[in-house]
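Colleague: Since the structure of chain X is provided, determine the placement of chain G on it from the hints.
One-letter residues, chain by chain:
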Amino acid sequence: MKNICFYFQLHQPLRLKRYRFFDIGQDHYYFDDFQVEDRIRTVVEQAYLPANRTIAEMIRSSNGKFKCAFSISGVVLEQLEQFAPEVIDSFKELAKTHCVEFLAQPYAHSLASVFDAAEFEMQVEMHAAKIHDLFGVTPTAFANSELIYSDEIGELIYKMGYRTALIEEAKHVMGWKSPNYVYSHSYQPKLKLLVRNLKLSEDIYLRFSNPSWTDFPLTAEKYIHWIASSPQEEKIFNLWMGYETFGQLQRFESGIFDFLKAIPYYAMEHQIGFVLPSDAAKKAEPAAALQSPYPISWWGHEKDLSPWNGNDLQHEALQKLYSVGERVRLCQDKPLLHDWLEIQSAEHFRYMSHKDAFGTNYETAYDAFMNYMNVLADFLERVDAQYPTTIDNEELNELLKTINNQAKEIEELETKLKKLKSRKKD
Amino acid sequence: MFGWEFPPHILGGLGTASYGLTRGMAEQHDMELVFVIPKPHGDEDQSFLKIIGACNVPVVWKENDWHHVNQRIGHMMHPDEYFWLRNGIKYNYSRIYTNDLGCIDFSGRYPDNLIEEISNYEAVASVLAHQMQFDIIHSHDWLTYPAGVFAKQITGKPLVVHVHATDFDRSRGQVNPTVYSIEKRGMDAADHIITVSNLTRKIVIEKYHQDPRKITTVHNAVEPLPDAGSFTKTPRRDKVVTFLGRITMQKGPEYFVEAAYRVLQRTDGVRFVMAGSGDMMNAMINLVAKRGIADRFHFTGFLKGRQVHEMLAESDVYIMPSVSEPFGISPLEAMQVGTPTIISKQSGCAEILTHAIKTDYWDIDAMADAIYSIVKYPAMYDSLRNLGRDEVNAIRWYDAGMKVRSIYNSVLHY
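These protein sequences, in sequence, are chains X and G. Heads up: the first sequence begins at 212 in the numbering used here, then just goes up one per residue. Heads up: the second sequence begins at 1185 in the numbering used here, then just goes up one per residue.
If we strip away everything but chain X, and leave its shape as in the complex, we get (with noise of 0.2 angstroms):
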């Protein structure tokens, strides 16, 4: 039997408002509300709500046969709790059904996992938490940001426990493979690796509406005989997408909501079913290893991090953010710490590229660059008021760890002193 993956990735950044370096020590709000607001309230009412009532309805209506997951990061679950609740209910509504996944990825959808393996690390677990608590789930599968993997990565998600990774089909690494199987990590067998269909994806959030499209117009009856009448081997088909692509990137008036509830019914004409990640690699048998050296991606021709790390502009601001990563984590300061988190979001590096500046609310790379760079210059002078860049990080564990210490350990003298009074009073 044939299956369909659907996954749905939720991510917005947190927009940085006009930050000059006259503002440098002087102001340490670095965010433009009023923008953020008015993306997410727009995102929400044209795509978000309006999707998950089609996906519960579909749901309900197929009697639970329909699945999907969705990765949400953490810094588009702070700012739906802060602007749009009704989302987040209606999110723990879909995962009352069980017929929906959570998947992890990192806090603040950043590139930690390239640059920073031990934030990296605290991120991940830091999302699963926070997933948890609004949930109740724990996940179990991992989509990297912008499904960013290699090797290296994949590794390291092995190590914190996850047996289900997603990554794209990224030519270099697939070859001639096909997308519609199973695979493995090149050297940890027991991490499963799930590929994305490129084409059957586009298909449906880059080319629905274009009606210079050969296949225009695509309907679910379509859709669902391209995927019957592939070679009997071929399992799962993984169709993963942006969720604003219903409502925003297709917009309501091209019929993708329609397309969208019409699959399920086609699917099990054709005795199609859907399934979760966590679920289609326990089944399967992995075909074959793959192996990737170099961090793959979902964007571009390339499919690689040129987007976010490809011209000089954008080496030079993930090295200084990277280079305090360690020194951060050491600081108490509840505000530090969540400006370090939102200004890892990858689009502030993507803003800085010269050819693929996606969704850049800014006028050119140099732009973007001079502007994240003033906020990051603000946000240094915190983290060095913190702790002074005199003293290096091992000495200033130390000094740490001992100052910490000092409350235990006044608090075993302390005892001990009772004890000994006691003592003397018998």
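Wrong hints could be hidden among the right ones.
[Said to hold, decoys possible] Here are the simulated SDA-like pairs of lysine to any residue, each with C-alpha atoms no more than 20 angstroms apart in a straight line:
#, chain 1, residue 1, chain 2, residue 2
1, X, K566, G, I1320
2, G, K1587, G, I1536
3, G, K1560, X, D234
4, G, K1234, G, P1263
5, X, K433, X, S465
6, G, K1560, X, E609
7, G, K1234, G, D1214
8, G, K1560, X, S534
9, X, K531, G, Y1561
10, G, K1529, X, R229
11, X, K303, X, E256
12, G, K1560, X, N522
13, G, K1234, G, I1320
14, X, K566, G, E1575
15, G, K1529, X, N572
16, G, K1386, G, G1357
17, G, K1398, G, N1593
18, X, K619, X, E609
19, X, K531, G, Y1565
20, X, K566, G, E1535
21, G, K1560, X, K619
22, G, K1560, X, R229
23, X, K303, X, T351
24, X, K228, G, A1550
25, X, K632, X, I621
26, G, K1529, G, V1507
27, G, K1398, G, I1366
[Unchecked claim] Examples of chain X residues lying across from chain G (beta carbon under 7 angstroms, computed):
#, residue
28, R231
29, Y577
30, M581
[As the list claims (entries may be wrong)] Some but not every residue of chain X turned toward chain G, in silico, with C-beta under 8 angstroms:
#, residue
31, F232
32, F233
33, Q237
34, N522
35, D523
36, L524
37, H526
38, E527
39, F580
40, M584
I should point out that these hints are in silico values taken from the structure, not numbers from a laboratory. Computed from a prediction, not measured in an experiment: that's the story for all the values here. Even glycine gets a Cβ: it sits at the ideal position worked out from N, Cα and C.
Modeller: The following block gives chain G in isolation, referenced to the frame of chain X:
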């Protein structure tokens, strides 16, 4: 072509642009160019076109013998050509003061009696129009529009006017009615109008009420600098930020001073240089003193030739905060020697550059921010330097020449 300036003796960007464009057009082998300027010096590069000096064209019939003519103007024009052109005199211009050859003395600059010089140039055009063979008339800038219009009236050949600037750019809106009427008459009579940027195109449509269908933008380019590698940057402790150009209202020098003041409040290790001269220079010196930044702000006076490129190459940032710049070729020159550039969005060249920082001319905060980040972050400096140089080297006069050619073809109905 009618022009006013041609290198090496130039007073502004018009001469540079005329040279580059004709040079690019000359690469088309079926193109023959004759360029008329008021007063050649004899050392112009004539390898790819023919230059006629208006000061050597007779407008009043005077009898002279061959040897006398040869002695007087032989170094610039063959005497036979003089006698041949003399046959083109059809009107009585004896009201104009002429010399012993029947020629008019031109200054070739921008003198106080500029309007008179323009109409004298028109007289010369009538002689040339009657005597010479050509397919198309191309007039560069308003000074030569009357000549072009007259030549068109005489021959019926199509006229293309090339707008390098309008009086609205030069005067920040305080337009001189005489100049405006000359410009408007030229544009009205033209079969096609070429503007150097979309910004200028918009002005021509809105202020001169021209039909958008007969206006095409052909962006300027920049001549490759053969000795770009010979300009080096001396390592120094302080970063240098440079403004280079005429210190006049049009160029927005006061915004540069204000931005400098903002940068210096937060950082030291930056020096500011204002190179050039102009009617606002003293006002700027006063402003610098008033802001109390005179120790870090320097004036060099007028620079020319190689000095310009040397100054640009020595700078860490070049800035052009022009209030209204039809094109602005100097940022391209700065980028050729690898200097990161900040330009105002009100400059025509902003339309074709991506690896330059663009701000509004009045937005001194943005300007200061850009200066700060270029001097502070090596990645910013290196990106702008390397990508900017590559970008500018890809902008070629040949392509501009091809665009002009297609306009010619359309007005000739080929």
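Colleague: Hint by hint, where does the structure go against what was stated? Just the numbers, ascending.
Modeller: 1, 6, 21 and 33
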